[in-house]
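Protein chains in written order, with this note's numbering: chain A, 353 to 464; chain B, 1465 to 1578.
None of these hints come from the bench; they were simulated from the model.
Just to be clear, a hint being listed does not mean it is correct.
[Said to hold, decoys possible] With the Cβ distance kept under 10 Å, some of the chain A side facing chain B (calculated, not the full set):
id, residue
1, 354
2, 358
3, 393
4, 396
5, 448
6, 456
7, 457
[Claimed, not checked] Pairwise CB distance ranges, derived in the manner of DEER restraints:
id, chain 1, residue 1, chain 2, residue 2, range
8, B, 1475, A, 378, 45 to 55 Å
9, A, 419, B, 1481, 23 to 33 Å
10, B, 1481, A, 374, 38 to 48 Å
11, B, 1473, A, 379, 28 to 38 Å
12, A, 464, B, 1520, 28 to 38 Å
13, A, 369, B, 1481, 41 to 51 Å
14, A, 408, B, 1515, 20 to 30 Å
[To be verified] No more than 20 Å apart at the CA atoms, straight line, and that leaves these computed lysine to any residue pairs for SDA-like:
id, chain 1, residue 1, chain 2, residue 2
15, A, 361, B, 1565
16, B, 1565, A, 419
17, B, 1565, A, 408
18, A, 361, A, 382
Even for Gly, the Cβ is constructed at its ideal location relative to N, Cα and C.
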Amino acid sequence: NAGVTQTPKFRILKIGQSMTLQCTQDMNHNYMYWYRQDPGMGLKLIYYSVGAGITDKGEVPNGYNVSRSTTEDFPLRLELAAPSQTSVYFCASSPRVEDTQYFGPGTRLTVL
Amino acid sequence: AQSVTQPDIHITVSEGASLELRCNYSYGATPYLFWYVQSPGQGLQLLLKYFSGDTLVQGIKGFEAEFKRSQSSFNLRKPSVHWSDAAEYFCAVVYSGNTGKLIFGQGTTLQVKP
C-alpha cells in the first residue's frame, strides 16, 4: 500500500496563476481532508469529503475548491493564487469519522 | 469554539531525560484524542490515540499519554528521550458527531540536547 500520495512535492506560483494539488489514497477510505500548515499555527482544515460526490467546507476554504469524483482522489484547486496561500498543504484520509487520519507527505507551495 | 491548546511552543530536554508535553482541549462532546509527530520536511505520523477505555494509552517509539477528563488534558510522556525524538508534536481532537474534523493544537517543537 502506498497510503496517501500527494503531487507535486514543491511548487512556485506567480500571483494570479492556478494549479491543482493532487491527492490519492489506496486504502478505500471514505473520508478525505485537506489541511494547510503555517508556522506556529498547527494545521487548519480547508475542505473535507465524506465520500465520492460529497464535499464540504472546513475552517479556511476561501480561495480553494475541491471535487471528489472517485473514492481514491481528492484534488484541491487554487484558482487565483495569492501570497497568503503560501503554505504547506497536507491531504489525509480516514476509514471512519472518529478514527485515525493518515497523512500524505505534503506539498510545499510558494506564491510570489 | 472547540479548540486544543499546547501551552509549550518550544521545549528543550537532555538526551535520556524524561519528557512531558502538555495538551488541553476545550470541553465538548465525547473527545477522540490523538498525538502526531512531524519530523522536519515530513508528513504527520500517528504516535497514539485515545478513544475509550483505559485512560493510559501506549504508543509507538516508547511514548504514552494519559487522558484526564476532569482536567480536559491528554499529556504525552516519555521516560527517556532519544536524540531522534527531536521533532514537532501535535495534539489533536475529534469530537463525536463532528464529521471527523480534526482540531489541532499549535504544536510543540522538541529539541534534544546531547
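Hints, verified against the model:
1. Of the supplied interface hints, the one on residue 354/A is violated, with its beta-carbon coming no nearer than about 13 Å to a beta-carbon of chain B, more than 10 Å.
2. Interface hint at residue 358/A: satisfied, since its Cβ lies 8 Å from the closest Cβ of chain B, which is below the 10 Å cut-off.
3. At its closest, the beta carbon of residue 393/A sits 6 Å from a beta carbon of chain B; the interface hint therefore holds under the 10 Å criterion.
4. Nearest Cβ of chain B to the Cβ of residue 396/A: about 8 Å, under the 10 Å cut. The hint holds.
5. Among the interface hints, the one on residue 448/A holds; its C-beta lies about 8 Å from the nearest C-beta in chain B, closer than the 10 Å criterion.
6. For residue 456/A, the interface hint holds, the least distance from its beta-carbon to any beta-carbon of chain B being 6 Å, beneath 10 Å.
7. The restraint placing residue 457/A at the interface with chain B holds, with a minimum CB-CB distance near 5 Å, inside the 10 Å limit.
8. For the pair residue 1475/B and residue 378/A, the supplied restraint of 45 to 55 Å is violated, since their beta-carbon distance comes to about 36 Å.
9. Our hint of 23 to 33 Å for residue 419/A and residue 1481/B is violated, since their Cβ atoms are close to 49 Å apart.
10. At roughly 42 Å, the beta-carbon separation of residue 1481/B and residue 374/A lies within the given 38 to 48 Å, and the hint holds.
11. The given range of 28 to 38 Å is respected by residue 1473/B and residue 379/A, whose C-beta atoms sit roughly 33 Å from each other.
12. Between residue 464/A and residue 1520/B the beta carbons are some 48 Å apart, a value that contradicts the proposed interval 28 to 38 Å.
13. One distance hint, 41 to 51 Å for the beta-carbon pair residue 369/A and residue 1481/B, holds here, with the actual separation near 48 Å.
14. Hint check: residue 408/A to residue 1515/B, Cβ distance near 24 Å, so the stated range 20 to 30 Å holds.
15. Taken as a hint, the residue 361/A and residue 1565/B pair is broken in the structure, with Cα atoms around 24 Å apart against an allowance of 20 Å.
16. The suggested pairing of residue 1565/B with residue 419/A holds, with an alpha-carbon distance near 18 Å, which does not exceed 20 Å.
17. Between residue 1565/B and residue 408/A the alpha-carbon distance is near 11 Å, which keeps this suggested pair within the 20 Å criterion.
18. Distance hint between residue 361/A and residue 382/A is unfulfilled; the C-alpha atoms sit about 24 Å from each other, more than 20 Å.
Comparing the model with each numbered hint stated earlier shows that hints 1, 8, 9, 12, 15 and 18 do not hold.
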